[in-house]
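Each chain is listed here by its residues.
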Amino acid sequence: MTTQHATVERDDHYNFAYLDESTKRMLRRALLKAVAIPGYQVPFGSREMPLPYGWGTGGIQVTASIIGRGDVLKVIDQGSDDTTNAINIRRFFGRVTGVATTESTPAATIVQTRHRIPETPLAAGQIMVFQVPIPEPLRWLEPSETETRTMHALAEYGGMHVKLYEDIAQHGHIATTYDYPVIVNDRYMMRPSPIPKFDNPKLDGSPALMLFGAGREKRVYAVPPYTRVKSLDFEDHPFRVETWTECCDLCGSRESYLDEIILDDAGTRRYVCSDTEYCNDRQAQQRAGGIPDEAAA
Amino acid sequence: MYVAVKGGERAILNSYRMLDDYRRGDRGVPELGLDQIREQMPLAVSRVMAEGSLYDPQLAALALKQAAGDVIEAVFLLRAYRTTLSRYGYTQPIDTGRMRLQRRISSTFKDIPGGQILGPTYDYTQRLLDFSLLAQREADALPAGEEALDSAMSRVTDLLAQDDLIDAEPVPEGDPEPFDLTRQPLDFPASRAARLQNLARADEGFLLSMGYSTQRGYGNTHPFAAEIRYGALEVEMHIEELGFAVTVGEIEVTECQMVSQFAGSAEEGPKFTRGYGLTFGYGERKSMSMALVDRALKAGDLGERADSPANDHEFVLYHSDNVEASGFVQHLKLPHYVDFQANLELLRRMRAERGEPEAAQNELMDEAVSP
Amino acid sequence: MNAQPLLSVRNMTRTWDGVHGCRNVSFDLYPGEVLCVVGESGSGKSTLLSAVSYQTRPDAGSVWYDTRDQGFTDLAALPGARLRLLSRTDWGFVRQNARDGLRMQVSAGANIAERLMAVGDRHYGELRRVAGNWLQKMEIDAGRLDDRPVSFSGGMQQRLQIARNLVTHPRLVFMDEPTASLDVSVQARLLDLLRQLVTDLGLAAIVVTHDLAVARLLAHRTLVMRGGEVVESGLTDQILDDPQHPYTQLLVSSILQS
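So the sequence lines, in the order shown, correspond to chains X, E and P. Read in order, the letters of the first sequence correspond to residues 1 to 297 in the numbering used here. Read in order, the letters of the second sequence correspond to residues 298 to 668 in the numbering used here. Read in order, the letters of the third sequence correspond to residues 669 to 926 in the numbering used here.
If you're looking for bench data, these hints aren't it; they were derived computationally from the structure. No incorrect hints appear here.
Calculated cross-link-like contacts (lysine-lysine; reagent style DSS-like; alpha-carbon spacing at most 30 Å): (1) X:K202 / X:K230; (2) X:K202 / X:K163; (3) E:K630 / X:K163; (4) X:K202 / X:K33; (5) E:K568 / E:K407; (6) E:K303 / X:K202; (7) E:K362 / E:K630; (8) X:K24 / X:K202; (9) E:K630 / E:K303; (10) X:K230 / X:K33; (11) P:K805 / X:K163; (12) E:K630 / X:K202.
Chain E residues, not near chain X, derived (Cβ > 12 Å throughout): (13) G325; (14) G330; (15) D332; (16) Q333; (17) I391; (18) R395; (19) P410; (20) G416; (21) P417; (22) T422; (23) L425; (24) S429; (25) A449; (26) M450; (27) L505; (28) S510.
Please read these numbers as outputs of a predicted model, since none were measured by experiment. C-beta atoms are modelled at their ideal positions from N, C-alpha and C, and glycine is treated no differently.
Taking the hints into account, I'd like the entire structure generated from these sequences.
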């Protein structure tokens, strides 16, 4: 189901995609290097953008450097196309590119996201652009950039496992639930951005290209298609994703990541799919008599 | 059944209109003109140009108006605009020795060639609210000075250098192109050029606090203000096609040179060491703070104790930019409910495993409901 | 005794301002041997330790080490990565203040297990078991495995730091005044434990101390330093019983008097 948005009028005071061509080239060179070294953080000369640092300037610069007139762009935040920040970014690209936008994952060539990977599986030829606040997985352990770069160069990752060990010792569980660290291509440790760990398995061996942009910290990194991405764990405490006892209140899904909604002062709760496109598609199929509505059952 | 909330786009468009209304305020009051801001709030304009890294008083005034007086927001506007500008070339380095001075003081000597010139300063005012400013009033024109100022006044640091008392600042061999912080990401160890550029566009409040800390024992540089200058300078650019340099404009800058305790090595004798500050426009507090922090960042290289926050290169240089800082602090307003949900789920599971009172609480609730 | 030294230092000089430090030091250290470097503060002994363990680069001279895979190698020729790996697996470094050598914000178990995790051990239960064994070896109650070092006494923290260093079975341990921060009563117990460990594990060690009693208890051989130079060296017993150099005589006699 393709939903074309009312296209925002292209503002031709600005170069296509806002950045000048030499800046885009600089970014693409950095991205090429990132793709050549999966999971490695490549520094780049981040520019001030019309949205604040911390609000997706890294993802925006990555998208701006790769987007072309024929692309179809989807932007989501918290899994939804309708959240204020996703709307803001989509409007920005509409204004500076005039490119077609969509809510449909299969119809998109570029999906820019904050904090989720769509439930609908990605296909070869698609590009996911992730907005990253803190790119450095070892930052909690070591505030110094000079030292963390050395640690990556020497694959000195013992300290990260100390954290996981300590979590299990103190809580019985690994306490990291989002932005869960991974090893990419059996070499570099990477932060997949604050996606819930539920989404980590979607990175492993995906046919799509995953690009990560951190504007304020001025780093890009990448996971090329069909690359091994392994979440950190112990042999006797293997990596596990979240589960819910409830299903989605709107479409009945038991497979997707659910948002919790508080309905009233008594604390009544409902759960709905975080991925609004996925949820809407399932509801449409149910109305057409396709899949049974488990919620109604 | 739950119905999903929609309408984010309309909410955003409405928020634009409400912001316009907030900025305009009471329609009965005349609207601010850019010329008023530019002429009558020159210190705010100076700060926005300095931290925005763009010399254009008119645009800075526009940014201040658009930002409804929020200086950091105005700086952000100017920086974002700067991203869209093409770079035509590079000017010649400015020579602050040739400044057309409005103000020039030194605290290291009682008198200096050219004299101590106070200029337009708040330094010796009494901070009593001047209620005559409540009304509009005509300011009388300044009468001409009794004597003309010397056209060129030597810098105090140059005089110290003549006697070999101050550390030299030699041009690096081959005079290579300096690092450009607006084009390349900062890397460590950071060159002095990178550090000075970072400090020049740094938040004034942050540098002020960092500089202050060095005076209170967090690092100790025992500084003296060798010279502070404020005035106007011509900016020249060499044009290939003409074969000579032409003046492309005039800017105002504030410069501060601090001298600090001497350091010596086995090869040279002890000398005074420098801290340097330079800002667009009139920004004395900023350029003084910048000079203090510049010197503090040199401590490691000079073999001094360097364990205070102002000596820590990464700490100072990574947290000095208020556009970055503001963005990241305020990004916490963005929805984070997916990650929060992940934490909630784990917390509930851990508490359930411990057989926590929450389970008992639910029983209580049920009991209250069914009589 | 092995014919091949584990560590060889030749004419090594390291100063931090052109004047103060250690000068022209040479010695060999054999596997399983403990060498004490004795001197007052300012004698250059800590600079010596730092340079020999390549935490700072010597200004002159050389340090050779018998690596497991490349044989007897000049440390100046090793790339930084190899040196770092060496210092985290085949060497240990025990600091005077345990707080400087521990992660104070994680449990005792995590502190001990870190080096194992750094070389790829990934079984939580097994890591815990090994860490627990080490606590017992260091005479700390194994029930304190999940406690943080802040809750340990000074002596316990020091023993924990030692365990953290020994878990990868290093062949050489550097120690900088390991007992100096501890109460006199606690020192004796720690020295006893160290002596036992050195024998049981076949450790070689270089121990820097201002305290001749530490040398007497732990070291096969001793270097006496003064003003950056080694003034006397030899078997510990010989040096303490029959000091030749006037400065050594002074040191020894001051113990006898106190």
